[in-house]
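Enquirer: Given next are the chains, with one letter for each unit.
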Amino acid sequence: AQSVTQPDIHITVSEGASLELRCNYSYGATPYLFWYVQSPGQGLQLLLKYFSGDTLVQGIKGFEAEFKRSQSSFNLRKPSVHWSDAAEYFCAVGVDPSYDKVIFGPGTSLSVIP
Amino acid sequence: DAMVIQNPRYQVTQFGKPVTLSCSQTLNHNVMYWYQQKSSQAPKLLFHYYDKDFNNEADTPDNFQSRRPNTSFCFLDIRSPGLGDAAMYLCATSRDFGSGAEETQYFGPGTRLLVL
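Residue numbers (my numbering), protein chains in the order written: chain G, 401 to 514; chain Y, 23 to 138.
Hints listed in this document are in silico derivations from the structure and should not be mistaken for laboratory results.
Here the structure is a predicted model, which means the values were calculated and not measured.
Fair warning: there could be bad hints in the mix.
Listed next, the in silico DMTMM-like pairs over lysine to aspartate or glutamate satisfying Cα-Cα at most 20 Å (straight line) [said to hold, decoys possible]:
| hint | chain 1 | residue 1 | chain 2 | residue 2 |
| --- | --- | --- | --- | --- |
| 1 | G | 449 | G | 415 |
| 2 | G | 461 | Y | 84 |
| 3 | Y | 60 | G | 420 |
| 4 | Y | 60 | Y | 84 |
| 5 | G | 449 | G | 485 |
| 6 | G | 501 | Y | 75 |
| 7 | Y | 66 | G | 488 |
| 8 | G | 449 | Y | 118 |
| 9 | G | 501 | Y | 79 |
| 10 | G | 501 | Y | 73 |
| 11 | Y | 60 | Y | 73 |
| 12 | G | 461 | Y | 81 |
| 13 | G | 461 | G | 485 |
| 14 | Y | 74 | Y | 107 |
| 15 | Y | 60 | G | 408 |
| 16 | Y | 60 | Y | 75 |
Negatives, chain G to chain Y, calculated, CB over 10 Å [as the list claims (entries may be wrong)]:
| hint | residue |
| --- | --- |
| 17 | 442 |
| 18 | 445 |
| 19 | 449 |
| 20 | 501 |
| 21 | 502 |
| 22 | 506 |
For every residue, glycine included, the Cβ atom is placed at its ideal position computed from N, Cα and C.
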């Protein structure tokens, strides 16, 4: 069965420090992969997505992610975190090419220390 | 600029009293989705519409129904809300899908439902 894991429930980083959020997926075919961010009380905003091609994907707000097929991973990175990046981050995998269904990981909560 | 709009942002209902949440979109997307998100959990897909075709997830309770009268609007009806139905309900849209289609879901801000 398809699944998405995010090993870190909560991460705290200092402002200006680098960030890496981990995501692993289980899916038999080539996955469509997404990272979404959710601020408290808000909907989800797409940060970036991978469908094919270059395995290093650039997104909004200075985020990037790298697809590593051999490790079934799609980790999210940012070189310098801002206080406004504090939010919940969800990794998701698109599991059915015939329609746009995605499965979300459990999320990683990011706190940023001034 | 709003693309996916959900009203109201907060809804309070009583145990067992039917409630309807609404979603509208200005994107003219064919597909609309409803998710339930409980506190500190990932969104869980309840069902989706592709145009007028309704697709229910296997584990969605019968208590949850949906209507899509036209392309722009989609409603989530909870016939008899229980305390366990208190959650954030997220609406999302995507343009289309098909083999190889590179589609993305766009989410609304959500409606937080409180059941008293």
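Enquirer: To test your reading of the hints: which numbers does this structure violate?
Expert: Result: hints 1, 2, 3, 11, 12, 14, 16, 17, 18, 19, 20, 21 and 22 break, sorted rising.
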